[in-house]
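Visitor: For this one, chain A is given, so just place chain B on it according to the hints.
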Amino acid sequence: MGIDTFPPWVTKVRKDPLGFSSFNRLINRFRWTEDLFAKEHLLADYGSAKAGDHNAAEIPREVGSCYVTGGPTNNAEGFRYATVAYPWSSTGFIQMAFDSSVYSSVDQMVLLTQNCSEAGINKPCVTNIEDIGPTGAAFSSFQLTDALGGGNTWDVDDGHFCLAIHSAPLPTGAAATSASAKDKGDFVSDRADDWGAMVQNDADLRRKFITDGVGDSHDSTGFHLAREVAQTWADVYWDGVVYRVRDTSTRNACNTATQLGTGHVQLAFNSDWVLPAQPFVMVNGSSYWGYGAANDIWNCVTPRSLILTAPATIDLYLYRYVSASNWWVREDADFFLTVYSSF
Amino acid sequence: MAFQRLYKVTMDSPVGYRTVNQLADNQADLRSLMFLEHGANELLFKGTFVGGANPPPDWKKLGRHDLTEVPRGVARTLKLSAFAGFGTFSNGLAWTGPAITACYWVSTGVYFLPVIGLSRFWGKAQVYADSGSGFTSIEPQVRSMVAQPASGGGNSGVGQPAGLQVRLYSQFNIGAGGAFTLQDWPFMIALYGQP
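Going down the list, the protein sequences come from chains A and B.
Just so you know, we're using the numbering used here here: the first sequence kicks off at 1 and counts up by one.
Just so you know, we're using the numbering used here here: the second sequence kicks off at 1001 and counts up by one.
Derived by calculation from the structure, the hints in this document are not laboratory data.
There's no promise every hint is true.
Stated by the list, open to error - Covered stretches of chain A (chain B as the covering partner; in silico rule of three or more C-beta atoms under 8 Å from a C-beta of chain B):
| id | region |
| --- | --- |
| 1 | 12-21 |
| 2 | 32-44 |
| 3 | 67-73 |
| 4 | 125-133 |
No residue lacks a Cβ here, since even glycine has one placed at the ideal position from N, Cα and C.
Pulled out of the complex, with its shape left as it was, chain A reads as follows:
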């Protein structure tokens, strides 16, 4: 069993003294909460990162979208520390530059993509990472060019994709200078390291929790409002007839999963979820109908035009590679997804 070590507090009543032990207990309570916060958040600015930023390997440093507009032009949205390095140079190719003050070691990074090409409405599409270098990464997107049921030929595609960038935690920063502990006989004063410090530290830590220097990171009830923490998740399965939501987030829940066609499913979420979205899908096709064959290959595309609609819906297109025939078909499958939002 766990132990709750947060120092308890006995509510003072009239004529209770504020003794030195009570004063020191308030200091310890602050330290305890600050330690909890510092586990996975920055206490101080570091490079371009701000105090209050999430700071853990498993939480993306940032999540954003890359997309191509008429021209053509490469674009990126939702990133703080990554930018498009060069204008459009060739079909399907985009290079992102990383802020070295935040991404100091490219070897200690994990990048994940979710293809959002419009071509995914009709064909499987994929985004690869070509190179991760000292200052950024290069991405290439592709689409199947053969018809479904026709072959496995691919070509480059000016497709859109979502990108999550994980990196090594940055130095957390120094803890706040606490009030000086008191001994028997001490009294409260107006010195900077006394009651004033306790009040200041209390307000500062709350500010770091609520905002990360760029925008809100947690709302007034404690829920995450940050781009780098997914706003919802869903575990969806295909029972052979309909899609069902096995489990979902308690907030921004996935209400329905509706099959609009074979391998085409639309998810509907609570309307208070903020758009636009950055979904990441994990297909678990092997759990359906005993497809236990180790060589199942699946592809899932979430077209950009269909993740920006309100009320909040996301369309997924699922494709399975038929190895015996070396072609692709659209097919239904189980999947798990998380969805991030831009704020």
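Guide: Quick look at chain B alone, frame taken from chain A:
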């Protein structure tokens, strides 16, 4: 009691019991806010654990995010090559966050990452080129594998713990249309799940 702004004091202003209680309430309120999505429902260890028990997975430490929305761990592998067989520690992890501690090479293009402490789990993986350009590959196929007994199960009766199976495939050649075959690549992965 909800948060209320407090004031610093001068030499002439007393700090009464209500003010002191309010600071304590502010601290309790902030703790409650943090507990909503940071380690509240999991073991409240603060770097120590009950003697004799195995240490909990790292994400159960105080302050860790304990959301299904947040990956439990991430890892990045080197390009692994053939080893003696399943069960041989590959030592192929180039970098890892919490929760993922090993990556085993099973056979060409097939890897296994043991998972502990999660009753349900999923993985999102990405293959990447270790050098050069023009890299093309279908996305890694990740399957959630339940534990299998040593006899009568998969893997020729060898048995395996619960974890993620990752399969990587050969490059598809632009305009060529060949079949996919299993192939070794370096990859990155995020583990999601619920305790």
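Visitor: If a hint holds in the structure, say so; if it doesn't, say that too.
Guide: Hint check results:
Taking a C-beta to C-beta cut-off of 8 Å, the region 12-21 of chain A contributes 6 residues in contact with chain B, enough for the three needed, and the coverage statement holds. Here the region 32-44 of chain A counts 8 residues with a CB under 8 Å from a CB of chain B, which clears the bar of 3, and the coverage holds. Coverage of the region 67-73 of chain A by chain B is violated in this model, with 0 residues showing a Cβ closer than 8 Å to a Cβ of that chain against a need of three. Under the rule that three or more residues need a Cβ within less than 8 Å of chain B, the assignment of the region 125-133 of chain A holds, with 6 such residues.
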